[in-house]
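Peer 1: One letter stands for each residue in the lines below.
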Amino acid sequence: MEASFYHARTKYPGIFGWLFTTDHKRVGLLYLLSSLSFFFVGVSLGLTMRLELIRSGMHFYSAEAYNAIFTLHGVVMIFLFIIPGIPSSLGNFIMPLQLGARDVAFPKINILSWWLFIAGGACAITSLFTGSGFPDTGWTFYVPYSIRTGTNVSLAVFGVFLIGLSSTLTGMNFLTTIHRMRAPGLTWKRLPLFTWAIYATSWVQLLATPVLAITLLLVILERVFGVGFFDPAKGGDPILFEHMFWIYSHPAVYIMILPAMGVVTDIIPVFSRRAIFGYTAIAASSLAIAFLGYLVWGHHMFTSGMSDTARIIFSFLTFLVAVPSGIKVFNWIASLYKGSIRTDAPLLYTLGFIFLFSIGGLTGLVQGALATNLHVHGTYFIVAHFHYVMFGGAAMGFFAGLHYWFPKMFGRMYEEHLAKLAWVFLFIGFNMLYFSMFILGWEGMPRRYYDYLPEFNAPNLVSTIGSWILAMGLFIMFYNLIHSLFAGRVAGNNPWGGATLEWQTTSPPPAENFVESPEVTKGPYEFR
Amino acid sequence: MEQKPEQHFVATRTFVFTWLALLLLTGLTVEAAHLRMGEWSMIANIAIASAKASLVLWFFMHLKYERKLFKVLLFVPIATISIIIWLTFFDIWYR
Amino acid sequence: MVTGWPNLSNPADNTFFFILGISLTFLVLNTGVMIYFVFRYSRKRHPKAEEVGENTPLEIIWTVVPILLVLAIFYVGWKGFVYQRTVPPDAMPVKVTARQWSWTFTYENGKEDGVLHVPVRKPVKLLITSADVLHSLFIPAYRIKEDCVPNRQTYLWFLPDQLGSYDLFCTEYCGVGHSAMITKVEVMPQKDFEEWYGGANITAEAEKKKPAAKGPAEKTAPVSEEGARLIQVKGCVACHATDGTPKIGPTFKGVFGRRETVIRNGQEREITVDEAFIRQTLLRPELDRVKGFPPIMPSQQGQLTDKEIDEIVEYIKTLK
Amino acid sequence: MNETTHIEHRDYIGAKLGMWLFLFTEILLFGGMFLVYAEYRQVNTADFHEAGREMNVFIGAANTIILLTSSLTMALAISEIHRGRKDRSVLFQAATVLLGVGFLVNKYFEWSDHIRHGFYPDSPQLLAMSHGKILFFGLYYVMTGIHALHVVIGLSVIAFMLALTLRGGVSGADYVKLENAGLFWHLVDVIWIYLFPLFYLIT
Ligand code: HEA
Ligand code: HEA
Ligand code: CUA
Ligand SMILES: [Cu+2]
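Residue numbers (the working numbering), protein chains in the order written: chain A, 1 to 528; chain B, 529 to 623; chain C, 624 to 943; chain D, 944 to 1146.
Nothing false has been slipped in among the hints.
A few chain A residues facing chain B, derived, Cβ under 7 Å: (1) L207; (2) I247; (3) T309; (4) A310.
A few chain B positions that, by computed beta-carbon distances, are all more than 10 Å from chain D: (5) W568; (6) K592; (7) K596.
The set of hints was computed from the structure by calculation and includes no laboratory data.
In this text the structure is predicted, and so the values were computed from the model without any measurement.
Using N, Cα and C, we set each Cβ at its ideal position, and we do this for glycine too.
Let the hints inform the model, and build the full structure from the sequences given.
Peer 2: Structure representation (structure tokens):
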């Protein structure tokens, strides 16, 4: 452990050795720490929101406070936790290792991205305390409300703009890295599927985020100069804003899920000791999701007043994008066949991921069908869907990866029993919390409601109780991980017997990653 | 990883001719606008602009001399933005 | 009267159960097989993994079958949608104006109300627009919803096939009062509806009946009835109760002459609510905000005529 | 190991690839604005044609020629440094900067002229006009404004490159930085090539 990058001499002393580092591993850990901190903010807000919603007529918050809080919850979770979460933390740490590279292609731009990310987060947080408080627009910033409300929309939106810039730069950096810095022998067909997933994600980050940037910039210009693009009184078209917002934000949901899919694809073969089933199909479906993901944004607008023709086209395309996800699920399950399976925590979280993501994805079909969307749009059904895919899917995949690569990143092992216990709490609490929301949604409870009619009481109560169980699970999990940072047993270089390159260096790796430049002679999942 | 910059000198002549062609097209596009062909003059203008843009990309930006990867990749953002605008118009046309 | 129209909720429900069937099949099979594998091939029972290699026919099957299934789902959803969007020619048109944070329904004869009254078993077409930001009109009982877009008109139709009172929600976030932007669909027997609906242009008639307002002193009972109607129609009741309970805004009961604390530019002061103050709150609510309530009272400038304001003021005075 | 003894790997292709990828984001950024333009022109065709009359084709065409020429000088600057002729390269870079400044000066006069005539976002005169005209001028200011911002950034980068070239940081042996600056500058040119007909030639 002495030779690890933690002990490497840095250009700047102490904390500055971290803040101004160009080492991708340190940048990855900075991202990990910051996005988990934001996650903690987000979940705390979620918990208090559930408290407000425990029964109708509850007044734990005022209506304005609640509206600002669900907006903040959404913005933090999406822009500050789940989008940068896997690609920028695990991706930064692991992907160059999997390539056998010394670092990413542009190490300075890498740390610049982190700084932009933090600056963006700081803007968003500052907007809480300045002006007339955090925006109360929802994370979707729909006009014309967002140009009329007196809250501090401009600053928060500028923060998101900076985060977008950071995300774009990361995408550019990773793409160049994967194209140019693969170790000798590491052909595209030997690339670990996590790296393939990061590759697909990076394209989405690169090509979708600028549209968000310009959209947000136009909102700011609208608020400051009144240019009129989104103001119906001046001929502006609010539906155009919805188009532009979702042109980014639908692909963005695949920025969240693709890396998580990559994580579980890397975990399954290692714990079932056999090659992944359908390597090509999985790699191709990542690219297919990234591509088709551009074509379906209109499914968020089926009731927006968009033309009926467009609704039908977008519904059709939406169904196509579901297929590659299905292909992945089938291949994952097939990869367990005739394996020799060890159900350690990473695999357990992976199985949880598959189950919860399937529920989330399949309910996506309900939303994608026109006849049903007219009913479920804007209700808790949607809220349930996206928590299943984002929390049950993306975040669960993140946790799986965190356990899987924990020994690589920190050189120590977490406590297995606690990790499993946390999983049980997470799984039960999660389903209580969010499954109730499907029922509420189908019964017609609208989302973003500060208070609701008494007829919706029962499922809401179950949901709130579920949130406490889930909180317990999260608490146990993070306690275990944090405690093991200092007190875990030393893990060794390759505790799981992985065959990808990151397991061939020491844990934690030295600053230059590999003492000898590795050469690749076999596929990523050939264990023998 | 060490690579020498490719030893391909582009003749100054090539650049100057490109520039002349660009000026010519600029004149053409101003003329086309005066012809009052209704919607067609807009289409002609965009076509000419695309021709100019291609010249800049191909010669000034050296695309002609780059490896194939670059040419293929450039297709990606252009296709993306075209598809996005096209799909959005299914809303605008049929509203 | 049209009979034989199936309940409009059918397309949505049928599509839903169709998708649910397919989804549950996949979910149960996938999860079942997954759990089975995890036990059957656990390291204890199956210590040595076997390589099975790739299987292209299998890959093709599980690509093609889902494609066919999702196309089927798309088709069912589309068909239902076509039904949901095809308005029967004899539908009764009702204009809907959404504003922060109330609904106004305007009937063909000019009658306005804050609650949607419809006769049973007669299709209704809603012509929807918004006076300010985006809203969305949602009636869960009929499984329909459409956004209210300023400067544009969108539409919906439904067939109220059973008597009753159904919820109508706003489902596009529109600010502080979003969750209070709720009203009802009252499905009435044809006869009751006709009675409620009245004959020709109700508002015009009401105007005629009223004596020209001269001064507050001359106001009589019918005037405050008109005021009572106005606070329904103009959506005041979304935030103000008349029975003493505070809702989003203060109750109207006993408000006239009440001493209360208001905030102007961050400065608190005591006032007594009088006519001038009510007028000011209606037209320029941002000047003085009642303490203890969110600063969301929307200005009625341009929404209420002077006469209507007089009537509301008179009505509020009567609420002791 | 020591982080400072970072082996400066010089991956020429990688550096250019990164730059191209960055340019793609610019294409999408402006693409978003083109989408706004496309919709509003589609909806307000007549108004756009009429508003286009307020534009001065002469200034627009002059600026087009200036930018095209600056692209030429930039390409030549790179071609010269490639051949190891530093002095000539410096000259061409300086010419590029001058032309770019000329573009901005023109733009300044053009904008102030419009503003003097009362055409600027939210101006009372504009608000009294039809929706299409409000949107046309909104688009005009935002799109040429953001383009001008790119010109300013491009100029600063080229000026910096000029300094680097003089001090030897950019040379015949290593000039990828200059090449990348050039790529950016050409892209700014390409975008203007589209802006010109969209605003000046739609009468
Ligand atoms: C991680 C993020 C994520 C992911 C991966 C997805 C995935 C999908 N989403 Fe979701 N979605 C969101 C995040 C995500 N979504 C968010 C945040 C919102 C709300 C935003 C807001 O309004 O605030 C939303 C909203 C949303 C809507 C809009 C609803 C509305 O507001 O009216 C729709 C509509 O079509 C939709 C559809 C889908 C579909 C079809 C998929 C598909 O990709 C799912 C594919 C997966 C499967 C299908 C399951 C696995 C497959 C099998 C088990 C095999 C069997 C399969 C078949 C038979 C096909 N989503
Ligand atoms: C990744 C994304 C993500 C995640 C993980 C969550 C997590 C949670 N969210 Fe979600 N949510 C969103 C993304 C996410 N959310 C988005 C995008 C919206 C839409 C916003 C909008 O409409 O604009 C939304 C909206 C939303 C709503 C709807 C609001 C409305 O429409 O009115 C609700 C309501 O219950 C809710 C609840 C919750 C809850 C209870 C959690 C819970 O999971 C929280 C569980 C966690 C805890 C209870 C915390 C306790 C943890 C500990 C004590 C551990 C200790 C930790 C350390 C040591 C680090 N969220
Ligand atoms: Cu009106 Cu929400
Ligand atoms: Cu989507």
